[in-house]
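S.K.: Just so we're aligned, residue 2 is where the sequence shown starts under the working numbering, counting upward by one.
Since the hints were derived computationally from the structure, they do not count as laboratory data. Keep in mind the model is a prediction, meaning the values are calculated, not measured. Honestly, I wouldn't trust all of these hints.
Said to hold, decoys possible - Simulated pairs of lysine-lysine, BS3-like, Cα-Cα distance not exceeding 25 Å:
hint	residue 1	residue 2
1	Lys225	Lys476
2	Lys43	Lys94
3	Lys53	Lys43
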Amino acid sequence: MHTVVFAIQKLRMDELRSILDDISNPFSTNYGNHLTRAEVTKITSNPEGSRKVLQFLENHSHSSGQVEVVEMTPNKDYITARATVAHWEEIFKTEFHYYHSKKSESQQRAEPLIRASEYSLPSEVALDVLGVFNVVDLLSNAKPKVVIGPSIDSGVISKSSVLGPTGTIVPNFVTPALLSKVYRIDSNIGNSLVSQGVYETLNQWFSPSDLTVFENFMGIANQKVAVTIGGHSSDTACQVQGSDNCAEGNLDVQYMIGVSQVTPTTYYYSTDTQFMLDWLLSVAAMTSPPLVLSVSWGEPESDITASYLTSVNNEAIILSTMGVTLIVASGDDGANTRTACGYAPDFPSGSAYFTAVGATNGPQAGRAEVTCQSDLNGGVITSGGGISNLYRATSTSATSSIPYWQNSQVTNYFSTVSPKPAAGYQTAGRGYPDVSLLGNAYITYIAGSQQSLSGTSASAPVFAGMVSLVNAARKAAGKSSLG
Numbered sequence: 002m003h004t005v006v007f008a009i010q011k012l013r014m015d016e017l018r019s020i021l022d023d024i025s026n027p028f029s030t031n032y033g034n035h036l037t038r039a040e041v042t043k044i045t046s047n048p049e050g051s052r053k054v055l056q057f058l059e060n061h062s063h064s065s066g067q068v069e070v071v072e073m074t075p076n077k078d079y080i081t082a083r084a085t086v087a088h089w090e091e092i093f094k095t096e097f098h099y100y101h102s103k104k105s106e107s108q109q110r111a112e113p114l115i116r117a118s119e120y121s122l123p124s125e126v127a128l129d130v131l132g133v134f135n136v137v138d139l140l141s142n143a144k145p146k147v148v149i150g151p152s153i154d155s156g157v158i159s160k161s162s163v164l165g166p167t168g169t170i171v172p173n174f175v176t177p178a179l180l181s182k183v184y185r186i187d188s189n190i191g192n193s194l195v196s197q198g199v200y201e202t203l204n205q206w207f208s209p210s211d212l213t214v215f216e217n218f219m220g221i222a223n224q225k226v227a228v229t230i231g232g233h234s235s236d237t238a239c240q241v242q243g244s245d246n247c248a249e250g251n252l253d254v255q256y257m258i259g260v261s262q263v264t265p266t267t268y269y270y271s272t273d274t275q276f277m278l279d280w281l282l283s284v285a286a287m288t289s290p291p292l293v294l295s296v297s298w299g300e301p302e303s304d305i306t307a308s309y310l311t312s313v314n315n316e317a318i319i320l321s322t323m324g325v326t327l328i329v330a331s332g333d334d335g336a337n338t339r340t341a342c343g344y345a346p347d348f349p350s351g352s353a354y355f356t357a358v359g360a361t362n363g364p365q366a367g368r369a370e371v372t373c374q375s376d377l378n379g380g381v382i383t384s385g386g387g388i389s390n391l392y393r394a395t396s397t398s399a400t401s402s403i404p405y406w407q408n409s410q411v412t413n414y415f416s417t418v419s420p421k422p423a424a425g426y427q428t429a430g431r432g433y434p435d436v437s438l439l440g441n442a443y444i445t446y447i448a449g450s451q452q453s454l455s456g457t458s459a460s461a462p463v464f465a466g467m468v469s470l471v472n473a474a475r476k477a478a479g480k481s482s483l484g
């Protein structure tokens with residue numbers, strides 16, 4: 002049996018993007034007037050398209066081949082169906098094959114991937130289907146944006162640490178208290194009027210007991226993750242698997258909560274067969290998702306199918322219109338996203354509907370703050386950034402244009418930068434990152450021990466926590482979230 006997901010074409014997305022531009026503009030009288038899920042649905046839902054697809058599947062369910070609809074999002078904009086591979090070959094007029102991953106051994110799938118090279122749909126449903134996932138899209142090349150450093154001698158740390166009014170500060174390392182000092186955070190106490198969450202995949206776990214030990218060492222009141230979706234919360238898994246499968250999850254949880262305390266936190270986990278798909282379906286089904294969502298994962302834009310790209314961006318537009326802020330780490334490999342050569346922008350960092358966060362270095366060691374470079378002052382990583390190839394200034398598409406608020410900045414950058422970058426870059430696309438902050442030498446607890454972690458995976462959840470603090474203050478004053 003093989004499971005596929007039909008993404009129904011949403012309606013009036015250009016109109017919704019115009020609404021988003023208006024309510025996100027601080028100079029507009031409509032600033033902060035976010036829509037409810039019901040109001041968004043009224044604009045974008047395509048019930049007739051959903052009906053056609055369900056009828057199409059029913060028509061292909063007969064004695065010689067059954068199609069089972071196993072799940073639908075509340076608005077029926079994503080329809081998950083299951084059938085035999087042979088029956089899908091008949092329906093899609095294609096041929097499926099087994100594909101084996103060339104990922105590292107730690108990321109290998111136990112089973113080969115079942116995919117086709119192409120598929121087709123009849124005209125009566127084709128215009129209402131944005132894409133069918135798990136048919137031609139191959140295994141995601143997503144990876145966490147964190148670099149694991151050496152274990153830390155806790156005895157040395159304990160002797161050099163200082164417990165101040167906002168928590169523990171350790172020379173040469175980042176802690177929540179240092180972040181508050183550097184970025185002038187008056188209070189790390191949020192409230193229950195707002196919410197925040199992190200997204201994980203590729204077998205990443207977080208440990209509740211590590212969170213408690215972290216909070217105790219940092220002088221933070223104990224707080225648990227409020228909601229776990231998709232599992233992957235386990236002390237045992239982190240003790241057995243260690244940094245390989247707990248570094249990202251523990252880092253995100255410990256520092257999001259460390260920066261924005263009291264705020265209810267959600268941990269999302271989805272499978273690695275399709276980058277962000279399970280999370281996208283989960284969020285699409287939520288009436289009131291967390292107001293801030295942090296993603297410390299990404300993959301090259303060139304690996305993303307057009308239908309998948311559009312689906313992710315459609316959901317990002319919808320969430321943003323509802324007042325949700327989407328944060329993403331910009332990457333740890335400069336402008337080439339781990340490719341052999343040339344420029345390779347990162348996704349979803351290059352999306353106009355995510356705030357991309359880069360990494361800096363210096364203040365933890367008493368130096369001036371500069372962009373992280375792997376060959377400068379122990380930077381460990383080179384902060385990711387670049388110009389998107391998918392978001393072009395010449396496009397008027399709702400899902401493929403440079404943000405209007407960035408036009409002058411991108412133009413000015415290329416007219417003033419010196420020396421000029423090597424040839425081959427895009428000059429008329431969306432530039433990222435949007436902001437940067439400390440991303441080097443974060444004290445993180447893994448399996449009860451301190452580890453030094455670096456990367457934009459660190460700076461992204463920290464910035465997300467900062468946004469949560471602003472949201473908390475705005476909500477307490479009767480205002481909207483930032484969105």
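S.K.: Are the hints correct? Go through all of them and say.
M.R.: A quick look at each hint next to the structure:
no.	hint	verdict
1	Lys225 <-> Lys476	holds, 22 Å
2	Lys43 <-> Lys94	violated, 34 Å
3	Lys53 <-> Lys43	holds, 19 Å
Hint check: a violation occurs at hint 2 only; the rest are consistent with the structure.
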